[in-house]
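Protein chains: 2
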Amino acid sequence: GAGAENDLYINQAIVFIEDAIQYRSINHRVDSKSLWLYRWYYSRTCQWILSLTITVILALAFIEEPSSLTITSDVRYRLPAWNPPCGLTESIELLCFLVFVVDVSVKSYLIGWKEFWKNKWLMAYILTLIVSLADWIVSLSFFCKEGVRIRRILRPFFLLQNSSMMKKTLKSINSTLPEMASVVLLLAVHLSLFTMFAMLLFARTKGNQQDKEWVVYFRNLPDSLTSLLVLLTTANNPDVMIPAYSKNRAYSIFFILFTVLGNLFLMNLLTAIIYNQFRGYLLKSVQSSLFRRRLGIRAAFEVLSSLKEAPASAQQACVSVGALLQVLQKAEMDSRCKQVIMRSLKICSCDQLSAAQFQKLFEELDKDGIKQHPPSPEYQSHFMQKMQFAFGHPYFGYLGNVVALANIISICMFLVMDADKQLSERDDFFLGAINCFFILYYLLEVLLKILAMGLKRYLSYPSNRFDGLLTVILLILEIATFAVYGFPHSGWRPEFMGLLSLWDMVRLVNMLIVFRFLRIIPNMKFMALVVTTLLDLVKNLRAFAGILVVVFYAFAITGIMLFKGAVVPLGNARYSNFLQGAQNSKAGFTGSCVHIRPVISCKSSNVIFQGKKCDLMVPAHFQAEVIYCLLYVLSVHLVCRWAKIYFVAWWLISSVIWVNLFVALLLENFIHKWDRRCQQESVSDIEYQRTVELMFRDVLEEPTEEELMEKLHQHPHLQLCR
Amino acid sequence: GAGAENDLYINQAIVFIEDAIQYRSINHRVDSKSLWLYRWYYSRTCQWILSLTITVILALAFIEEPSSLTITSDVRYRLPAWNPPCGLTESIELLCFLVFVVDVSVKSYLIGWKEFWKNKWLMAYILTLIVSLADWIVSLSFFCKEGVRIRRILRPFFLLQNSSMMKKTLKSINSTLPEMASVVLLLAVHLSLFTMFAMLLFARTKGNQQDKEWVVYFRNLPDSLTSLLVLLTTANNPDVMIPAYSKNRAYSIFFILFTVLGNLFLMNLLTAIIYNQFRGYLLKSVQSSLFRRRLGIRAAFEVLSSLKEAPASAQQACVSVGALLQVLQKAEMDSRCKQVIMRSLKICSCDQLSAAQFQKLFEELDKDGIKQHPPSPEYQSHFMQKMQFAFGHPYFGYLGNVVALANIISICMFLVMDADKQLSERDDFFLGAINCFFILYYLLEVLLKILAMGLKRYLSYPSNRFDGLLTVILLILEIATFAVYGFPHSGWRPEFMGLLSLWDMVRLVNMLIVFRFLRIIPNMKFMALVVTTLLDLVKNLRAFAGILVVVFYAFAITGIMLFKGAVVPLGNARYSNFLQGAQNSKAGFTGSCVHIRPVISCKSSNVIFQGKKCDLMVPAHFQAEVIYCLLYVLSVHLVCRWAKIYFVAWWLISSVIWVNLFVALLLENFIHKWDRRCQQESVSDIEYQRTVELMFRDVLEEPTEEELMEKLHQHPHLQLCR
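Chains as they are written, first to last, in our numbering: chain A, 1 to 722; chain B, 1001 to 1722.
Honestly, I wouldn't trust all of these hints.
As the list claims (entries may be wrong) - Restricting the straight-line Cα-Cα distance to at most 30 Å, the calculated cross-link-like pairs of lysine-lysine (DSSO-like) are: (1) A:Lys212 x B:Lys1168; (2) B:Lys1525 x A:Lys171; (3) B:Lys1525 x A:Lys284; (4) B:Lys1171 x A:Lys673; (5) A:Lys33 x A:Lys711; (6) B:Lys1168 x A:Lys673; (7) A:Lys525 x B:Lys1171; (8) B:Lys1284 x A:Lys168; (9) A:Lys421 x B:Lys1212; (10) A:Lys673 x B:Lys1284; (11) A:Lys167 x A:Lys107; (12) B:Lys1673 x A:Lys284; (13) B:Lys1346 x B:Lys1360; (14) B:Lys1673 x A:Lys171; (15) B:Lys1330 x B:Lys1346; (16) A:Lys525 x B:Lys1284; (17) A:Lys539 x A:Lys120; (18) A:Lys673 x B:Lys1673.
Said to hold, decoys possible - Pulled from the structure, derived: some chain A residues nowhere near chain B, Cβ distances all over 10 Å: (19) Lys167; (20) Met342; (21) Arg465; (22) Leu537.
What the hints contain is simulated information worked out from the structure, not anything from laboratory work. The C-beta atom is built at its ideal place from N, Cα and C for all residues, glycine as well.
Can you build the whole structure from these sequences, using the hints too?
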C-alpha cells in the first residue's frame, strides 16, 4: 500500500543521509529488509565487534608459539613464554573466522549479486577465508604440530579490507608503483654497473697487504653486491672504502661517485617522484568524499520527493518539510548538526524544499563546530574581580611556565650533581623539599585559575586539562611519598618501603614534572603550528599506518617462519658466551665461527637490518625478535642468502618507500598549512578540530547536478520515478 | 665635441648590451676611461686570471704544512709529504693577494664612491684582504713557525665574493635561517626533554647487570645528550636501546617515541620548511636575471637615442639602424645571435627603431639555439642507399646495445668464475678472445654508422661521440696488448711486461666496456628524463656546490687547526698496533686506553662523524684526514669536548641543512620538468642545451616600461637627456 511504500521511502532517505554523513557509497540494496540489515550492519555495536575481532586475530601472534610476550628480550634471562595448549588459539581463531564469514556474507548480500562479481576485494576476502579455514583444518588435524601456517601471513588482509581509506591509499600507492619501479630499476642498473666496476677495480693482487679491500668487501659477486647495497643505505659508509683509500687516495673517487649518484640523486629522485604523485592525492580523496556526501543527500532528496503524500503538481520535484523532519529524527547524526538543521528548518517558513534548498540545509555537516569556551564567572566583590583579572591574565600563565622551567632546571642540576655519586652517598632531602614547594605552587596555580575562569571554562582548554591532571597526579604521588617515608629531612635515604622505593617515587615525580613542561607548547607560536601540523598529519596518516601495520605483520610472520629452522637452541651457558661475544666485540664474534666468510656477508645484512634507518625501529617488538633470530642465523650458513633477500626487501619497503611516502605527505600537509597560515595571519586561536576536508574547503569543486543525477541513475538497486 | 660624445654613447651602448648578455648590473661608471677599464676588467683574460688566482690560493692547502698530498692515506706506509721551504707558498700567496688588491680597487672604482659605501661585500673583501696581509706579515716574521694562520680560514671568502650567483644563494639561505632556527630550537627542546627523561629512567640501580644502559649511555648529562644526539642521526640506532630492551621490552617505547618524533617528524619538517622557502627561489632568481637583461638593453637604447647624428624631430625616441649595427659589430656576443640580429635588421626596411622594436630584436638572446644535425650523405648507388637505410635505422643501434649487453654478461660470468681462482690458475685466453671479437664488432658498428650518417652527422650526437671515443680507446688498448703479449692463446698468463701487466690491460679493457654500456641511456625514456634532470640540476647547483666548497674548506682548515696539538706522533710500530686494534675490534681498541669514559663519548662523536650520512663522504680527502686525526684524538682526553662540538656543527651544516637544500632543489627541478614532460609528450628529442631561463619561459613576467625607466633614472652615473 501507499503507507508501506512511504515508510520504505522514509527508511531509504534515512539510510542515504547516514551514508552521506559517513561518506559511504550508496550502491547497496534498498528494499525494507536489506535496509534494516544495512543499518544493523553499520550500527556501532556491529562495527565495534568487527574491529574487536580483527584486533583479536592480529593479537593472537603474541601468544601463539613461538610467542615472545616476555618482559625481558634477553634469551639468557627470560623465562619460557607461556605456551597455550593446542586448540585454545585455534578455537579463538575459529570464532573470528565465523565473524568474518558473517561479515562477508552480509556485505556480499547488501551490494547485490551483480556488483559482487565486480568487487575484487570481496572475492579476495572470500578466498582468504577459504584458505584460512582449510589451513585451520590442516592445523588441527596435525594437532598444532604442522610446520607452516599460511593463515598467519594472510591475517593482515582482514585489517586491510575493513578500511575503505586503506583500500584507497593502497590504490594510490599502486598507481605510483610503475614510476617507483623505474627508479628502482635505475638503482639496480647503477648498482650492477658499479659492482662490475668494483670487481674489476679491486681485484686480487699478488701482495698480501695490498688486496685487503678485495678480501673483505669484493671477494665475489654476491659480496660485492652486498657491500655496495649496504653502502647505498650508508650503513658501512667510511669502512668500506678505508682499505682501498689507505692504499691510494684516488680510490675514494669511486666510492664518492657511487654515493653521490646513488644516495644523493637516485634516492632523492624517489622522494621527488612519490611527492609528485601524491601532491594531488589528499585533494582527490577529499573531493571524492565530498561527491559521496552530495550524492547521498541528493538520493535522499529524490526518494523523499517521490513520497505519495505530497501534491505531485509542481513541475519541480520538492520535498515536504514534515517528511524531512521525520527522517532527521530517526537518522543517527551528530546532535549539534541535527539541532542546527532542525532550527533552520523551523526558521524557513516554506512548506516545500527544492533540491538546492535541501542540499543547502545539509551543508552544516561540512562545517567545523566552532568551539566556544564557557564564560568566566562574574563576581560581585571588587576584590574578587581584581583577583579574576590578575589570575585570568595570560601573564599568570607565563609565570607558571617560568616556574616550571625553574623546576626543570633544578632537577637537571641535581641530576648533574648526583651523576657520579654512589647510591649510598645520595641524599634526596634537597630535591624532595624543592619539589614539594614547586608542587604546592602548581596546586595553587590550578586553584587560582579555576577561581578566575570557573571550572567549566578551565576544563574547556586542552592545555589546562593536561596541566590539571598532571598536577593532581603529582599531588597524590607526593602525599603517598610523605605517608610512607615521612617529610623530607636530612638523610632522607632511598630505602625500600611499600610499593616503590623512595628513589623510584622521586624519579617518577621528576619525570612527571618534566612531562608537565610540555604545557608551554601552545604559548609558542611556531611550536603550536608544528604541533597542529603533526596532529593533522597523524589523522591523515591513519591509512598509511594501517598499511604499515599490515606490512610489518606480514614481514614479522614471514621472518618467524623463514628463520624457524635456523634457530639452533644452544645451551644457556654457551649461548650466553656467544651473545656476550657478539655484543662486546665483533672480532671475538667472528672468531667464534669456523667459517668466516658467510658470517661476513651475513654481518652485512645485519648491518642493513640495524639499518641506521629510523623507521626500522618502530616495530621494536618484532624487530628485536628478528635481531636474536639473526644472531642465531649467523651460526647457520644456508639461511644467510635468504636472510639477505628478506632484509633487502624489508629495507626497500619499510625504509625507502614508506619513509618517502611519509615525507611526501608531510610536505603536502605542511605546505598547505603554511599557505593558510600566511593567509590568515590574524587567526591566532589554535583550532584542534581541523579536518582534512576543511583544509581544502576553498579548493574543492562542488559536483554538478548532472553528475549527481547520472550517478543516481546508474544505481543498481534504486529505480527513480523520474 | 659631438664626435667624441657620439663615440662615448656608442661605447656605453656596447657595454650595456654586453651587461645585458651576461646578466650583469649596469650600475657602474660610464665615462670613456671607466668604460675601457670595465671592458678590460670583464674581458675573458682578466676574469680567467682572477679565477686562476682563486683556485691557486685555495689549492695552496694541499701543499702547505700539514699537507696530505700523498698517495696512501695510511700513516704507517706513507712517506713524509713534501714540505715546501718557508717563503715558497708565502710568495705565491702574496702574488694572489696582489691580484685581489687590484681586483678590489678596480671594482670599487668602477661602482663609484657612493655605491661603495652601500656594498657590504666589497667592504668585507677589503677587510679580509687587510687581515690576510697582516697575518701574512706575522707569518713571515715568525719564519713560518707561527701556530695559528687565520688567513687560511678566510680564503674561501675570495671564492664566495667572486660569484654573484653564490651571493644570491647565500642571501636566500640567509632568509630561510629564522625558520630553520625555529626547527633547530624545537629539536634542542626535544633533545633536552628526552635527555632528562632518559636520565631519570635509566638511573643507577643496585644490581650490577641491571644498569648497563646507565653505565654505557646515560652516565651523566653530556653522555646522555650525546647518546640521544647520535640516535637522532640514527647512527647508534639499535645499539643504544639494546641493554634497556633486554631488561624490559617496554623501555623500547621511549626510544621509539624519541626516534619517531625527532627523526620522522622534526627532521622531515626541516625538509618541508626548506622546500617551502625554496619553492619560488629559482623562479625569483631567473626573474631578476631577466630584469637585468631588459634593463641593459633599454639603457643601450636610451644612450643610442641621444646620439647627435639622428634628427631629434620625432616625439618618440628612436635609434638609427646604422648606430646599432656599429654597436653590434663591436660588442662581444654569441656569433649565432649576432648573425640572427644582423639579418633581421637588414630584413626590417625601416631606418629608425622604436624602443619596442629594439627590445624585440634582442629577444633572440633568450632563445635556445635549436640544434640541427647535419644531413646524411645522399648516395647514388642503390646498394649504398639500402646500406644507409639498414645501418641508419634505430634497430641497428638497438642491436649494438644488445651486443654490448652480451659482452657485459660474458665479462660478469668470467668474473664470477674467476672469483675463487688463484692468480696462477687464471687463464685469460677465453675472455681475451671474446673481447677481441666484441671490440671488432664495435669498430664495425662505428664505421657502418659513419658510412650511413656521414662523419659530421655522426659526431653531432653526443651519444655517438661517447661511443666512438671509447671504441677508439678500446681498439688502441687491444692493439697495444697484442703488440706486447701476442694474440690470445691458451695459457695467456698475466705476466708482467711493458707498461702494464696483461692482467691490468684486460681489466682496463673490461672497465671501459662496462663504461661504454652507458650509451643505452638515451634509448630509455625514463632514464633519459632522469639524466637530463640531473644535468639540469648540476647546472643549477653550481652556486650551492660553491657554498659547499666554502663550508668544507673552512671546516677542514678549522679541524686541522683545532686538532693540531692533539696529534701525538706515536712510533710507527705502536701506532700500527693501535690502528690495527681500532680497526679489528672495538673491544681491543677500548681496552688499549686507560680511561674508558672519554673514549666512549669520543667514540660517539666518531660515530656521528662516520655519520652514516652520505654527504659526509664527499670531501673524502679532508675527511680521512680527520678520521686519522680523530683516531689520534681518542688518546687525548681534553680535545674530546671540542671534537664533539666540531662534529655536531659539521653534521648540522653539511648533513642536515645541505642535504635538505639539495632535496628541495631536486624536488623543485624535477617537478617542473615532470610537468613539462606531461605537457610536451610529443617532443621526443632530448635537448641537452636547456637552461633554467628556458624552463621558466612561460611563467616569467616581462618588466614594464615604467619599472625599467624608473630604475634607469636611479642609475648613479648615467644622466639621461630626457
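Evaluated hints:
1. Among the hinted pairs, lysine 212 (chain A) with lysine 1168 (chain B) is inconsistent with the structure: their alpha-carbon atoms are about 47 Å apart, more than 30 Å.
2. In summary, the hint linking lysine 1525 (chain B) to lysine 171 (chain A) is supported, as the alpha carbons are separated by about 25 Å, within the 30 Å threshold.
3. Between the alpha carbons of lysine 1525 (chain B) and lysine 284 (chain A) the distance comes to roughly 28 Å, so the proposed pair stays at or under 30 Å and holds.
4. Proximity of lysine 1171 (chain B) to lysine 673 (chain A) is assessed by CA-CA distance (about 25 Å); at most 30 Å being required, the pair is judged to hold.
5. Taken as a hint, the lysine 33 (chain A) and lysine 711 (chain A) pair is honoured in the structure, with Cα atoms around 24 Å apart against an allowance of 30 Å.
6. Distance check on the hinted pair: lysine 1168 (chain B) and lysine 673 (chain A) sit about 28 Å apart at the alpha-carbon level, within 30 Å; holds.
7. A threshold of 30 Å between alpha carbons decides the hint, and for lysine 525 (chain A) with lysine 1171 (chain B) the separation of about 25 Å falls inside it, so the pair holds.
8. Using a Cα cut-off of 30 Å, the hinted pair lysine 1284 (chain B) and lysine 168 (chain A) is violated, with the two alpha carbons roughly 38 Å apart.
9. For the hint pairing lysine 421 (chain A) with lysine 1212 (chain B), the CA-to-CA distance comes to about 17 Å; that is within 30 Å, so the pair holds.
10. Note on lysine 673 (chain A) and lysine 1284 (chain B): the hinted pairing holds, with a Cα-Cα distance of about 22 Å set against a maximum of 30 Å.
11. Only pairs whose Cα atoms come within 30 Å are accepted, and lysine 167 (chain A) paired with lysine 107 (chain A) is accepted, the gap being roughly 16 Å.
12. Only pairs whose Cα atoms come within 30 Å are accepted, and lysine 1673 (chain B) paired with lysine 284 (chain A) is accepted, the gap being roughly 22 Å.
13. Restraint check: the Cα-Cα separation between lysine 1346 (chain B) and lysine 1360 (chain B) comes to about 14 Å, which is no more than 30 Å; the hinted pair holds.
14. The suggested pairing of lysine 1673 (chain B) with lysine 171 (chain A) holds, with an alpha-carbon distance near 25 Å, which does not exceed 30 Å.
15. Between lysine 1330 (chain B) and lysine 1346 (chain B) the CA atoms are separated by roughly 17 Å; this keeps the pair inside 30 Å, and the hint holds.
16. Note on lysine 525 (chain A) and lysine 1284 (chain B): the hinted pairing holds, with a Cα-Cα distance of about 28 Å set against a maximum of 30 Å.
17. This hinted pair checks out: lysine 539 (chain A) and lysine 120 (chain A) have alpha carbons roughly 27 Å apart, not beyond 30 Å.
18. Of the pairs offered as hints, the one joining lysine 673 (chain A) and lysine 1673 (chain B) holds, with about 25 Å between alpha carbons and a cut-off of 30 Å not exceeded.
19. A cut-off of 10 Å between C-beta atoms confirms that lysine 167 (chain A) is not in contact with chain B; the least separation is 24 Å.
20. Here methionine 342 (chain A) stays apart from chain B, with its beta-carbon at least about 42 Å from theirs, past the 10 Å limit.
21. Every beta carbon of chain B lies more than 10 Å from that of arginine 465 (chain A), the smallest distance being close to 20 Å; the non-interface claim holds.
22. Distance check on leucine 537 (chain A): its Cβ comes as close as 8 Å (rounded) to a Cβ of chain B, failing to clear the 10 Å threshold; non-interface status is violated.
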